[in-house]
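Protein sequence lines correspond, in order, to chains A and B.
Per this note's numbering, the very first residue in the first sequence carries number 52; after that it's consecutive.
Per this note's numbering, the very first residue in the second sequence carries number 52; after that it's consecutive.
Watch out, some of these pointers could steer you wrong.
Given that identical chains are not distinguished, each listed pair holds provided it fits within a single copy or across any two copies.
Straight-line distance between alpha carbons at most 20 Å, and here's what the computed EDC-like set of lysine to aspartate or glutamate pairs gives [as the list claims (entries may be wrong)]:
1) K373 <-> D135
2) K251 <-> E337
3) K86 <-> D376
4) K378 <-> D389
5) K86 <-> E375
6) K373 <-> E407
7) K385 <-> E269
8) K251 <-> E283
Hint data in this document are derived by calculation from the structure and do not stem from the laboratory.
There are 2 protein chains.
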Amino acid sequence: MKTLTVDLGSRSYPIYIGKNLLTNGSLLSPHIASKQVLIVSNDTVAPIYLDTLLTTLEGYLCHSVVLQDGEQYKSLETLNQIFDSALSNRLNRQLTIIALGGGVIGDMAGFAASCYQRGVNFIQIPTTLLSQVDSSVGGKTAVNHPLGKNMIGAFYQPQCVLVDTRTLDTLPERELSAGLAEVIKYGVIRDTEFFDWLEKNMDALLQRDNDALSYAIEVSCRNKAEIVEQDERENGIRALLNLGHTFGHAIETSCGYGVWLHGEAVGAGMCMAADLSYQLGWLAREDKGRIIALIDKAKLPISPPGSMSAAQFMDLMAVDKKVEDGKLRLVLLKALGDAVTTANFDKNIFNQFLDECCSA
Amino acid sequence: MKTLTVDLGSRSYPIYIGKNLLTNGSLLSPHIASKQVLIVSNDTVAPIYLDTLLTTLEGYLCHSVVLQDGEQYKSLETLNQIFDSALSNRLNRQLTIIALGGGVIGDMAGFAASCYQRGVNFIQIPTTLLSQVDSSVGGKTAVNHPLGKNMIGAFYQPQCVLVDTRTLDTLPERELSAGLAEVIKYGVIRDTEFFDWLEKNMDALLQRDNDALSYAIEVSCRNKAEIVEQDERENGIRALLNLGHTFGHAIETSCGYGVWLHGEAVGAGMCMAADLSYQLGWLAREDKGRIIALIDKAKLPISPPGSMSAAQFMDLMAVDKKVEDGKLRLVLLKALGDAVTTANFDKNIFNQFLDECCSA
Chain A
52 MKTLTVDLGS RSYPIYIGKN LLTNGSLLSP HIASKQVLIV SNDTVAPIYL DTLLTTLEGY
112 LCHSVVLQDG EQYKSLETLN QIFDSALSNR LNRQLTIIAL GGGVIGDMAG FAASCYQRGV
172 NFIQIPTTLL SQVDSSVGGK TAVNHPLGKN MIGAFYQPQC VLVDTRTLDT LPERELSAGL
232 AEVIKYGVIR DTEFFDWLEK NMDALLQRDN DALSYAIEVS CRNKAEIVEQ DERENGIRAL
292 LNLGHTFGHA IETSCGYGVW LHGEAVGAGM CMAADLSYQL GWLAREDKGR IIALIDKAKL
352 PISPPGSMSA AQFMDLMAVD KKVEDGKLRL VLLKALGDAV TTANFDKNIF NQFLDECCSA
Chain B
52 MKTLTVDLGS RSYPIYIGKN LLTNGSLLSP HIASKQVLIV SNDTVAPIYL DTLLTTLEGY
112 LCHSVVLQDG EQYKSLETLN QIFDSALSNR LNRQLTIIAL GGGVIGDMAG FAASCYQRGV
172 NFIQIPTTLL SQVDSSVGGK TAVNHPLGKN MIGAFYQPQC VLVDTRTLDT LPERELSAGL
232 AEVIKYGVIR DTEFFDWLEK NMDALLQRDN DALSYAIEVS CRNKAEIVEQ DERENGIRAL
292 LNLGHTFGHA IETSCGYGVW LHGEAVGAGM CMAADLSYQL GWLAREDKGR IIALIDKAKL
352 PISPPGSMSA AQFMDLMAVD KKVEDGKLRL VLLKALGDAV TTANFDKNIF NQFLDECCSA
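Only chain A is shown next, with the shape it has when bound in the complex:
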């Protein structure tokens, strides 16, 4: 087992990464506030792993709420099911909420923990690659609004993150690829050594080689932790983690939440960001090629859905959280491993780029 630490002063917490950790109650118990536990999961993950977790947590008063699986249920209405369950079971402020599932479950359980009785303990047990390498670490929680993704939420750090790599055995192929999008992201924005490693080991990752996956999770979490430690509330450098996300969120919102997986939209979005960076004259043609090839190799889409127009992109990106004073800010690449958040890019080239993307 590997243990990483996210160092945030009084809000610091460990990330445990290893095989079969789901059966290791001694890792969880120091982070549980009282006997009361509410496990939040979904109808895909709960049938596979809920009983195991309940056995691990023997001795606690465990309740569970099983939500419908999918990004389309990441809403205020579904969030209310968590509150209904907590209140009808008389759970109090000493409650610990445990997220057992992917990014959607982590985001909703975390946001629920942040506002149930104005804040209760929270533990992340991510069961998808995407949530293990990205969303479970760093304290971003949210639900979607019909007019924009992740628009309602909180920065709320968990007490710990427990990554059981065995849960990847049951992950659908499409979800594995979606997770690889965020893994690739760390290589692209700041870790060229890792990018090189990914080029060499993509096949092993797709074949679910446990050593390769464990290493990729560890390096990803370490990159994420280093960024979050410097900028917990995203006033600066943390925005770089959104490479491909502004385009990606527009795709997800436009297609309807859940039609494209988040990682798929981010994959296409990163290709768009790389291509735009190239057209702006910032990124070398070769590096653009390597980025798109790696995303393609991970079995991810490399261009937006044919149904989207340039006008739709502009419209949906206008509510992005990085918009400042009416100016769209994008994460773009100066080189492989060197990302910037900027509103200073040629708008003519940008408009032409969007038109080309959407007519292709």
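Knowing the structure of chain A, use the given hints to seat chain B on it.
Using the frame of chain A, we list chain B on its own:
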């Protein structure tokens, strides 16, 4: 004008108290992050004060959302109207949300500010006595759930609180009395000098003497600030501010939100707390008498609604945020000016007391 400061390190903020402050734009502008402003008000307050505030904020891009007035609308559904407005107007993370109204508006606008795009600037302009002396200060925000009051929310401090005492001119009498409940509370839990002053000046307050009201607001806010500075997230002493609230919340939830005003329920709840403290042998008969007499003089109810049973009280109080390890904790009085939060009280006396209250 008086300026008090709530000293919370990087989250410190001023409370401005005075006449006609609503027309003083220079007080507000240092606390507004960008040109974007969203004013949240209700259909009682907006027709009287919204235009004045809009004139004061000339030069800003002001949007407003007017909610239905009343505690029964302090819900997740109503909260969503704020998000709808913010998103359909493309308001971004540099937005400042201003609450213009009473406690319900402050609680909802503040909670919306805490979670819109994971947190935007927030200003409190309380227009009722209750919100001026209590709910606008200290950063507690929340909405209700059908199973419990204030169960979903956040600790989120405003950038400033602006109290225009002229707004009390238009306050209905019942709301004035409701506000006095929280004013009296400070005297009862920690400020006997203020309690003496209130006994002497209750008539002036009820007649809306501006000097008396300004003084009462200032002393109340100072008491509140001192407590919040010591215990922002209510791990200890801040719980004393809930004198009468555990009984009061049960009354509000039982009658249906909005039937009893919050301050009315707190008034009756404080009488219950004083009576129970007396029956436990902790509070002198004379002090109990003075407390109930002052609450009565403020034209507040001094006993719970006849419709409530002891079983109903027990049931509703079981989800109170102060419950720990299944034990009900109450704010009780050792003496006038000396309150404690405790689960150590004789349960037989407590049960007998509840039975008597509810059969009276």
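Verification of the supplied hints:
Within a single copy, K373 and D135 get their C-alpha atoms only as close as 33 Å, which misses the 20 Å cut-off; across copies the closest is 19 Å, which meets it. Taking identical chains as interchangeable, the C-alpha atoms of K251 and E337 lie at most 20 Å apart only when both belong to the same chain, with a minimum of 17 Å there against 83 Å between chains. For the homomeric pair K86 and D376, the shortest alpha-carbon distance between copies (8 Å) is at most 20 Å, but the shortest distance inside one copy (48 Å) is not. Proximity of K378 to D389 under the C-alpha cut-off of 20 Å is found in neither arrangement, the shortest distances being 22 Å within a copy and 55 Å between copies.
In this assembly of identical chains, the alpha carbons of K86 and E375 lie at most 20 Å apart only when taken from different copies (11 Å versus 45 Å within one copy). In this assembly of identical chains, the alpha carbons of K373 and E407 never lie at most 20 Å apart, being 24 Å within a copy and 59 Å across copies at closest. In this assembly of identical chains, K385 and E269 lie within 20 Å of each other by CA distance neither inside one copy nor across copies; the values are 26 Å within and 56 Å between. In the homo-oligomer, the alpha carbons of K251 and E283 never lie at most 20 Å apart, since the shortest distance is 32 Å inside one protomer and 52 Å across protomers.
When each numbered hint is compared with the structure, violations occur for hints 4, 6, 7 and 8.
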